[in-house]
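Colleague: The lines below spell out each chain.
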Amino acid sequence: MSQAHSALAEQFRDLEQQREASSLGMWVFLVTEIMFFGGLFMVYTVARAMHPAGFAQASRHLDVTLGGTNTAVLICSSLTMALAVYASQVGRRRMLAGFLALTIALGCVFLVIKAIEYADKFHHHLVPGSAFSFAAPEARPAELFFSLYFAMTGLHALHMIIGVGVVAVLLVKAWRGRYTIEYHTPVEISGLYWHFVDIIWIFLFPLLYLIGLKR
Amino acid sequence: MADRVDALFFFLLGVSLFISLLILVLIIAFCIKYRRRAPNEIGAPIGGSIKLETFWMVVPLLLSMVMFGWGASLYMSMQHPPPQAMEIYVVGKQWMWKLQHPEGQMEINELHVPVGRDVKLTMTSEDVIHDFFVPAFRIKADVLPARYTTIWFRPTKAGRYHLFCSQYCGTNHAVMGGWVTVMEPAEFEAWLAGGPVEGSLAEAGERLFQQLACNNCHASSGKGRGPSLVGLHGSTVRLQGGQTVIADDDYLRESILNPRAKIVAGYGPDMPVFQGLVSEEQVLQLIAYIKSLAPPQAAPGQPGTAAESKRPAGEAKKLP
Amino acid sequence: MSTGTGASVPTLGHENYLNVSYGVKSWLLTTDHKRIALLYLVSITLFFFLGGAFAVLIRLNLLTPQGDLVSAETYNKFFTMHGVVMIFFFLIPSIPAVLGNFLIPLMIGAKDLAFPRLNLSSWYIFNLGGLFTLYSIIRGGVDTGWTFYTPYSSLYSNTHVVATVVGIFITGFSTILTGLNFIVTIHTMRAPGMTWFRLPLFVWTHYATSLIMILGTPVVAITLALVAVERVFHLGIFNPALGGDPVLFQHLFWFYSHPAVYIMVLPAMGVTTELITTFARKKLFGYHLVAAASFGIAVIGFFVWAHHMFVAGVSPYAAMIFSILSYLVAIPSAVKVFNWMATLYKGSVSWATPMLYGLGFIGLFVMGGLTGLFLAALGLDVHVHDTYFVVAHFHYIMVGGAVMGYLGGLHYWWPKISGRLYPEALARFSAIVLFVGFNLTFFPQFILGYLGMPRRYHAYPPEFQVLNVLSTAGASILGIGYLLPMFYLIWSMRYGPVAGPNPWPATGLEWQTPSPPPPHNFDVTPVVSWEPYDFANRPDLKYPAPAPELGHFQPAAQD
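Residue numbers (the working numbering), protein chains in the order written: chain A, 376 to 590; chain B, 569 to 888; chain C, 14 to 572.
So that you can see chain A by itself, here it is in the shape it has in the complex (with noise of 0.2 angstroms):
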């Protein structure tokens, strides 16, 4: 979809047509993924309003306070990020690279968060399947509400990986100076992206981690 290597692709008449054909496309896209998700969120509905007392349950399960620094590290990656596409507006190389940098940066820190809470729910039996434990009584929803946080967050974290490698590509190209004042379109249809991503995380926080707190 980046038309990196020359400014104009050959089935486009002018650069305005291609950055406006660029962005239109991701936002198809992202209507796309939020079908995609919707899917899930879908699912997550129907199963919490069968099982509501079981989904609070497991959800104490859940470390709030690795979810909330998640929350917090994404939401700065965004701020960077949207830095970055201003950077590239105004066409400065260096900032733009640091920016792109830092947000990959954020977005590696969400990850290896996410790893350790991956790590603490199989030491924990918290992961469905033969070797699922749980102690309470809905033992049942609550593994119903685990395949759900696995396929929901593992979803959303293959989504983090992609956009950290796009970011990486934007990265190399932004420090041999590919984007210009006149052509950054893949530097903002990326970020468009990357806010994507963190909406869908933005949404699941409350849905996984605070829906078992003690009001």
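Keep in mind that the hints were calculated from the coordinates and are not lab data. Just so it is clear, CB atoms sit at the ideal spot from N, CA and C, and this is done for glycine as well. Any given hint might turn out to be false.
[Claimed, not checked] Computed list of lysine to aspartate or glutamate pairs in DMTMM-like fashion (alpha-carbon distance at most 25 angstroms, straight line):
no. : chain 1 : residue 1 : chain 2 : residue 2
1   : B       : Lys-619   : C       : Glu-476
2   : B       : Lys-725   : C       : Glu-476
3   : B       : Lys-688   : B       : Glu-678
4   : B       : Lys-725   : B       : Glu-678
5   : B       : Lys-661   : C       : Glu-86
6   : B       : Lys-666   : B       : Asp-695
7   : C       : Lys-359   : B       : Glu-609
8   : B       : Lys-725   : B       : Glu-757
9   : B       : Lys-601   : C       : Glu-437
10  : C       : Lys-555   : C       : Glu-544
11  : B       : Lys-661   : B       : Glu-678
12  : B       : Lys-601   : C       : Asp-547
13  : B       : Lys-791   : B       : Glu-771
14  : B       : Lys-619   : C       : Glu-544
15  : C       : Lys-555   : B       : Glu-609
16  : A       : Lys-548   : A       : Asp-573
17  : C       : Lys-38    : A       : Asp-573
18  : B       : Lys-725   : B       : Glu-755
19  : C       : Lys-359   : B       : Glu-621
20  : B       : Lys-666   : B       : Glu-678
21  : B       : Lys-830   : B       : Asp-695
22  : A       : Lys-489   : A       : Asp-573
23  : B       : Lys-666   : C       : Glu-86
[Said to hold, decoys possible] Here chain B is said to cover these stretches of chain C; the calculated rule only asks that three of the stretch's residues, wherever they fall, bring their Cβ under 8 angstroms from a Cβ of chain B:
no. : stretch
24  : 38 to 48
25  : 75 to 87
26  : 115 to 127
27  : 331 to 340
28  : 353 to 362
29  : 396 to 403
30  : 463 to 476
With the hints as your guide, set chains B and C onto chain A.
Modeller: Just chains B and C now, kept in the frame of chain A:
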């Protein structure tokens, strides 16, 4: 019911035939009348007509609303069995139908019913989704695991009719069927009387109730560790946390197999889980027994209507 | 495929997308939408005949009530593979990926789709998904039915569900990317003067189709992925014994798979509109309304999914809402049919092969649509649901509708794709064979369904045999109708008479460039200054000289 379904079918068939013949005739007529007579001929420059467009949007809309209303009213009467229907319990499994009469007769892939009586089927599945389909009665309903679905019919003519499974359920789906035999009432009584039967369904449930030691806690006096079950079916039960549920078949089933899902207000989560310990048929026997425990004042077979049965279930608050 | 020139027949001299380069690599690495369309044509033709082979085996097995040909287990795999291959690997990509890919840039005056490399990768993704499915067939197949209902698919079937589901999941992305590419292209790449209301209806229907592709496909992808994950890791999302809900799967599945029917039939409606206008040489009656109807169908189509579940224990009030919405979706479909009919009025109607397909489409689509009204009527659906009535209904829409549209379009644009004309008499003959064979195959199934024969039955009570034999006999005629075009179309690529840029002639932009089109479609960017299908105001169109024989189609003179 079959007559009403057929009436709707032939109405739709008539409308469809009329519309498709109209379109067919017009298309053929236009194709012949306006066939190309010279290779450089072009058609008349007509762009459209709001009047015509409105006409052929409004007329189909009105027609289809008639179809909708007719179909929906038929569906609603299919969904609501008459109150005095005889109730037969059906369990589907790969690949057979197991049916139990209230009098205790068990049948496999066969169902005997009398002419002229309403028959209500309460159905569940032991494994995958099946579907109980008797084309002659124009009835069909999916049979789902872990849930009860119901249909009803009233046979009007004696005879043997096909019973099919019509939801794909695996290898022998095509042979998961049998016969519904409709008999004259007298013959049916004779059939009911014949064959070895150890008491009615409710009696079987009662025996099971004692075997499983349910009566130790669920004393009819209401003073046990569990709530009394007298008059429970059809009543409104208050749960821990303040919600209420209607004690229907699905609620009873869940409370037997997985009692901790909904706990009656005033009682603890003490009852063991019976999932895997009792079969679907046995659950149905237990439900039949619980249904038979009508309170003295309530009209038999009409649970839930008497004010008596609406007493708050937590009244026998005994345990902390 | 690269046969652009022939020694003994008139050659196509100009540089075009077929002869601009040769060799396998120039095809497998092409980013030209026209070549990618032909790559798709090859892939889906293979899948079509694979799915067709399963159909033949199904029909042969049903010749006898006991189902003597194969065992029940094998039969169940046959109808599953027939459904999976035909729906996910033929019908959904058929018109969009072949004709849409080829024609949308040409019709709007663009050099290519907006994202040519994405377009090529869609084709690779499609084939990758196909390979997974082929692998599962070779390893013994899958027996869940193409609907993959849980808990049978997730817990009970011991066939290759995961490989098949992964194949469909992967192919879903090719559908999504194609839809994305179309939407962006139609929005941003239109030639100067090509306003929204000058677009051919073919483009409008593809826009509506693309909306369904991007909104629906991800949902079925995640749903099927959950089935695979549930099988592998023994999760309980759809398992009632673990607190899950098997009916939730049906909701999620049909949320895509009902609109998917419109992915199949909307493009065919677009093709039919082009055929009717060109061969009646007349403006489309009610252009704006026909365009709007496409969107009406696409949008309402998203809210009717539970009409597949009227007997699945859903709440009766929910069922009523879905029933009324299903009737509403019939209105835009009816509008289209009436407008096509009105377009014929006072036209100059030619009975050329594509027109026969177009008229065939209308006839079969009307029957498929009207029987849909039977299924939407709640009380009646209870009886005919999951019987052969449903099988007949959706084959009238999908085979009678979508495949007739696809073949009609293939014939109509074949001169543009290949630069040559197919043998007209043979083509008309096979169109008629197809129409007759189709009705003989599927009409008896309506009666079977009303009599109560359930679908997916390996064996059946003997009283249903006569109608089943009729259906199988029809299928053999239908098979000939499908094989003939494959032979004569391939033949015509080398030996057919040269077509010229606009043989019919038609008004669309795609006919303004040589056949086959040059690599970048247009030598100069076209500027559009005319209304769609406006034969009366198009002095540039060249009609053939009057010939003595009336009522017969004559190809236009060469340039």
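Colleague: Now look at each hint and say whether the structure bears it out.
Modeller: Now the hints, each set against the structure:
1. B:Lys-619 / C:Glu-476: violated, 50 angstroms
2. B:Lys-725 / C:Glu-476: holds, 20 angstroms
3. B:Lys-688 / B:Glu-678: holds, 16 angstroms
4. B:Lys-725 / B:Glu-678: Distance ~17 angstroms between Lys-725 (chain B) and Glu-678 (chain B) Cα, so the pair holds.
5. B:Lys-661 / C:Glu-86: Since the Cα atoms of Lys-661 (chain B) and Glu-86 (chain C) sit roughly 17 angstroms apart, the hinted pair holds (cutoff 25 angstroms).
6. B:Lys-666 / B:Asp-695: With a Cα-Cα distance of about 13 angstroms, the restraint between Lys-666 (chain B) and Asp-695 (chain B) holds, given a limit of 25 angstroms.
7. C:Lys-359 / B:Glu-609: holds, 11 angstroms
8. B:Lys-725 / B:Glu-757: holds, 16 angstroms
9. B:Lys-601 / C:Glu-437: holds, 23 angstroms
10. C:Lys-555 / C:Glu-544: Holds - the C-alpha atoms of Glu-544 (chain C) and Lys-555 (chain C) are around 18 angstroms apart, at most 25 angstroms.
11. B:Lys-661 / B:Glu-678: Distance of about 14 angstroms is within 25 angstroms: holds.
12. B:Lys-601 / C:Asp-547: Between Lys-601 (chain B) and Asp-547 (chain C) the Cα gap is close to 22 angstroms, so the pair holds against 25 angstroms.
13. B:Lys-791 / B:Glu-771: Judged against 25 angstroms, a Cα distance of about 23 angstroms means the pair holds.
14. B:Lys-619 / C:Glu-544: This hinted pair holds, its Cα atoms lying about 22 angstroms apart.
15. C:Lys-555 / B:Glu-609: holds, 11 angstroms
16. A:Lys-548 / A:Asp-573: Status holds; Cα separation ~24 angstroms.
17. C:Lys-38 / A:Asp-573: violated, 41 angstroms
18. B:Lys-725 / B:Glu-755: Given pair Lys-725 (chain B), Glu-755 (chain B) holds - Cα atoms ~13 angstroms apart, limit 25 angstroms.
19. C:Lys-359 / B:Glu-621: holds, 17 angstroms
20. B:Lys-666 / B:Glu-678: The given pair, whose Cα atoms are some 8 angstroms apart, holds under the 25 angstroms limit.
21. B:Lys-830 / B:Asp-695: Roughly 24 angstroms between the alpha carbons, so the hint for Lys-830 (chain B) and Asp-695 (chain B) holds.
22. A:Lys-489 / A:Asp-573: Holds. Lys-489 (chain A) to Asp-573 (chain A) sits at ~14 angstroms (cutoff 25 angstroms).
23. B:Lys-666 / C:Glu-86: holds, 23 angstroms
24. 38 to 48: violated (count 0)
25. 75 to 87: This one holds; 3 residues, not fewer than the three required, reach chain B with a Cβ under 8 angstroms.
26. 115 to 127: violated (count 0)
27. 331 to 340: The restraint on the stretch 331 to 340 of chain C holds, since 5 of its residues have a Cβ under 8 angstroms from chain B and three suffice.
28. 353 to 362: holds (count 8)
29. 396 to 403: holds (count 4)
30. 463 to 476: Since three or more residues must qualify, the claim that chain B covers the stretch 463 to 476 of chain C holds, with 11 doing so at under 8 angstroms.
The structure does not agree with the numbered hints 1, 17, 24, 26 stated previously, though it agrees with the rest.
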